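**Q** Protein chains in written order, with this note's numbering: chain Z, 1 to 221; chain U, 1 to 197.
Rather than coming from a laboratory, the hints here were simulated on the basis of the structure. Remember, predicted model here, so these are calculated numbers, not experimental data. Each statement offered as a hint is correct.
A few chain Z residues facing chain U, derived, Cβ under 8 Å: (1) GLU33; (2) TYR36; (3) TYR47; (4) GLU61; (5) LYS186; (6) LEU200.
Beta carbons are placed, not taken as given, at the ideal position from N, Cα and C, and that holds for glycine.
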Amino acid sequence: MLNVDTAISVKVSPGGETHEQELIRRIQNGEREVFYELVRPYQRRVYAAALAVLRNPADAEDAAQEAILKAFAHIGQFRSESRFSTWLIQIAINEARMHRRREHAEIMQPIGEHQDEEGSYIPREFPDWREIPSESLERAEVRELLLRALASLGDKYREIFVLRDVHQLSIEEVAGMLGISRASVKTRLLRARLMLRDLLAPKMSTGWFSRESSPKGNKPW
Amino acid sequence: MVVTCERVWQEVSNYLEGDLDPSLRAALDEHFHVCPRCASILAGTHNVVQLYGDERLFQLPLGFSGRLQNKLAHEMPAKRGTIYGWVVAAAAGVALIAGGIALSRPKPSIPFEVRSPLAKPGNHIPAKLTVLVAGDSKIFHVAGCDQLRAQDGRIRSMPAEEAEHEGYVPCIRCLGKYLSSIPVDFLKRHFRSGAPA
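Just chain Z, same shape as in the assembly (with noise of 0.2 Å):
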């Protein structure tokens, strides 16, 4: 599975010393124009992170960068304690979040906001979608389909499945970043996961963009 870590190479100084904190080193010193080499390989992570929490292109685009700005005006306070990337995500939620207290950008409802955590899942039956499925990522309607997908899901859970499934932070990464338990990350991954499967399954198994929409009132959510 190809993922946004593959991209980041990790070189090691004969000190010990990583590129990465070489070059947080010497931003910290005030060497501060070799920022964009520091954040360069994160930047798509920082927009997804904005726009799973956005759901609009234009407006995620508006927050990742307001991240990096804060990222860059605030790097003499990180600390090595945790990774970078980590640091920087968290950076972006945050501003996206506040982007969306701004715009007051909630204008459709999204799937499962207020569904009970408690209460059981029941996925949805539906013919086999045994597709091996990374070629299909290379069809523009495909990566739509998924984005759309997404961005149906309430915050809560599409925060989750984000953090955890596109950026690979682990389930204690995700439960300190967002201040809730390992339990509630674990339960809420898993709806989001079944209930991504139950919007894509029906299109992914028959055939691209079927015309055939969802029964009515057949929604488990």
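Chain Z is already provided as a structure; the job is to place chain U on it using the hints.
**A** Frame of chain Z; chain U shown alone:
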């Protein structure tokens, strides 16, 4: 241990995470062999995790990097003769040369019919930029793009304007990266939608 379908649905995510004790995992494995519905749910959920974990899904908007670099440059304390300044100047020089070549011959501004009904033609792509196309695809690429594949092994090179004329659309990955390396103001100044200004 025997597990019910309901139990499987609760644990399918932990199963994918590898976060189950061995006896429960073995019970689920056994269940998946005899229950097509749960096996289908597992396959679908696994596909979801795989698809969303793929870096190709989240494409940066065109020009994102250029806009970010501009903003960062505004935030930099004013300095003369820094390495950053030289790098920006060199990048601008390269972009100017590319633009100059592209401007040497005007391009028709009539939109061409694209091969994929769902795709849109690209904007701000230098007309003379050499691109590569596979005869059986609908997308053009810059050299070195790992998305360039030809079923029949036939790959042609041509100027971007010709590729667009033939209905090919730009590859989001490689053209996106190429365009984001050129300052967005330069592109806006010299190229409007699909054609030189």
